[in-house]
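These are the residues of each chain, in order.
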Amino acid sequence: MAGLKTILCIEDEHFISELYARALRKEGYEVTIMLSGDDGLVAAKTDRFDLILLDLMTPGITGMEILSVLKDPKQTPKLHSKIIITTNLDQEESMREELEKKADGYLIKAEITPKQLVAIVKQMEEQITNLGG
Amino acid sequence: MDNLKAYRNYVSVLSIVWHILIISASATLAYALSVIMEPRIAIFIGLGTLALLTIIASFVLSKPYVSATEFLARAILHVSSERADTPAPNPRSIKAGREFMERLASYVYDMSSRSVMSSYPTAKSDAVNKNAPNGQAQATIKDSPLPFFVIDSHNVITNASQTAMAFLGVDADGVIGKNIYDVLKFSFSSDDTLENWLRFSAEKSVTSMRSWDRVKILTPAEVTKQVDMSARFSKNDSSGNEIVIVLFDHSEKYGRDDGGASFVSMAVHELRTPLTIMRGYIEVFEEEITDKLDPEQKEFLRNLSVQAQQLGSFVGNIQNLARIEANALELQLKQDNWAEVLNSALNDMDMRAKVRHKEIIRKIDEDLPMVGVDRTTIYEVLVNIIENAIKYTHTDATIIVSTYKKDDNWVETTIQDHGIGIPDSLLGHVFDKFYRSHRTSRSVGGTGLGLYISKTIIEAHGGEIWVKTKEGVGSTFGFTVPTYESIASEANSSDNKAIERSAHGWIKNHTLYRG
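Keeping their order, the protein sequence lines are chains U and L. Per our numbering: the first sequence ends with 575, consecutive numbering throughout. Per our numbering: the second sequence ends with 1283, consecutive numbering throughout.
In short, the hints are calculated from the structure, not lab data.
In silico negatives: residues of chain U with every beta carbon more than 10 Å from chain L:
| hint | residue |
| --- | --- |
| 1 | Gly-445 |
| 2 | Asp-480 |
| 3 | Arg-490 |
| 4 | Met-506 |
| 5 | Val-511 |
| 6 | Lys-513 |
| 7 | Asp-514 |
| 8 | Pro-519 |
| 9 | Leu-521 |
| 10 | Thr-571 |
In silico BS3-like pairs for lysine-lysine, Cα to Cα no more than 25 Å straight-line:
| hint | chain 1 | residue 1 | chain 2 | residue 2 |
| --- | --- | --- | --- | --- |
| 11 | L | Lys-1276 | U | Lys-544 |
| 12 | U | Lys-468 | U | Lys-564 |
| 13 | L | Lys-1131 | L | Lys-1236 |
| 14 | L | Lys-1276 | U | Lys-520 |
| 15 | L | Lys-1003 | L | Lys-972 |
| 16 | U | Lys-544 | U | Lys-564 |
| 17 | U | Lys-564 | U | Lys-543 |
| 18 | U | Lys-544 | L | Lys-1102 |
| 19 | U | Lys-557 | L | Lys-1122 |
| 20 | U | Lys-468 | L | Lys-1066 |
| 21 | U | Lys-468 | L | Lys-1060 |
| 22 | L | Lys-1159 | L | Lys-1122 |
| 23 | L | Lys-946 | L | Lys-993 |
| 24 | U | Lys-557 | L | Lys-1060 |
| 25 | L | Lys-1276 | U | Lys-447 |
| 26 | L | Lys-1102 | U | Lys-543 |
| 27 | L | Lys-1066 | U | Lys-557 |
| 28 | U | Lys-487 | L | Lys-1276 |
| 29 | L | Lys-1276 | U | Lys-513 |
| 30 | U | Lys-564 | L | Lys-1276 |
A virtual CB, placed ideally from N, CA and C, is assigned to each residue, including glycine.
Please put together the full structure from these sequences, using the hints given.
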């Protein structure tokens, strides 16, 4: 079944990644946490994940760089993973186009609670399932 | 040139004093040494010391000259279009004769704009110039290194330099004969605008000059440029007034400086991280331990949750204020269902009202037309005005939010509180930045930013915001947003339709409304 069963959370703030993982696991998702950009990129490239929650301000490689590498066909074979940016940075006009092209979503962490994140993931999942027939 | 004299005297005295000091120091040293060693060697050492001290002195002494020369050189390079990346000179770098140097630099700026201004023909030849591109006037203008425009009393561009066309990326037809405000969309950082100055000059002056720095200009090609700008006004009774505007393009440099404005983004980011975590834990408690709490503890937990939300709104306000101040508030007007937008904000605000023992009553007209709004910023307007109403409404009283179609172009929304009202004397200031009622500033928290930001956002939508009040009874705030139909032609059709932004972010092909 198409869905977003496996989720990679690339997030250096330990409390946030724990809260997200806890809320998602309660609903049956499998969550892997990576605390650095470098580890996150390695994990993401394996394409083992249906959904990647990607912070922009990660130590080491930044989230924006990870996004670029993942979406560059020369560096990464096409992934099936959906990518949602989870950040507390407001989207600046200068990055807008690139983000809208490469990411599947953009969430301000301070504006959503973990439960709301779960609701959004479920909504996306429903849509994918519907599209998949 | 009193300043020049003072500068020369300062330098001469400084130099004489230094030399006397050096020579006497060296002579004293030579004399002292001659007592303990051969006089000839003592003299050599003395001379050596003299030479060394002179070298040091010349370094020290030359510094004020060098910095002054550098200052002037920068001023010259700054106005010369060939070195557009030269930063503006900083008078603080000069230690000696600063006033004199500043005056010289202002001569440089003056002269450069004057030379440009004198290189265009007089107003009388305008008509000729417009129709005869090969005329002599056009040839003179070709030579001007700086973009400049000549406009008449009606703000119509009668002449412009080749560099001006290049600057705008259009040909003469796109400039000559057009209204300057149609061609150049100016954005000044204060009320001190070209328009205001021209109005003032037309009334009071025969000739006057004026300069602005860091003016943003949106060109017809939709490119934002940042310039320093000089203008000269001259009254001419026979042929009408004449205004010359010269631009110094510093887009690249000022653009780089703007990167520094991201300090606010960083601060906002740092504030939001703990906020995210707090909201996360509060939610865990709400979900998992509410059953075990007594009613008072439940209320405490709810207060905690509301306060965290409120802090989030405030942080958003800081970000918006920074955008407004930097002239960087960007709206994406899109077709939207106003009842949905309003309900989403009200759902978020209901809890905030409840913890303060106040109630929000909704009166939303059915059959509202679709509106054209920027969902992210309009949500913040709603939060700010409703938050305000909650603050100022008496405990156990109501806040009434109504919305209806005003006419074909506008949908109006009013927020009526039952509180203390606003005294007439202060009514004109409620939308000012940092305004807060003096009488209540001790009893009611807040920064006075919300209404200022709301007004800016509503006006950026083309709408109006207003307030009516009765002391002791309460105030009603109202604002209009455009119907989608009225702005459909202006809405950005090239925009990515799969993306609907909200204050919380976006997900492709989804709305992020919460129930």
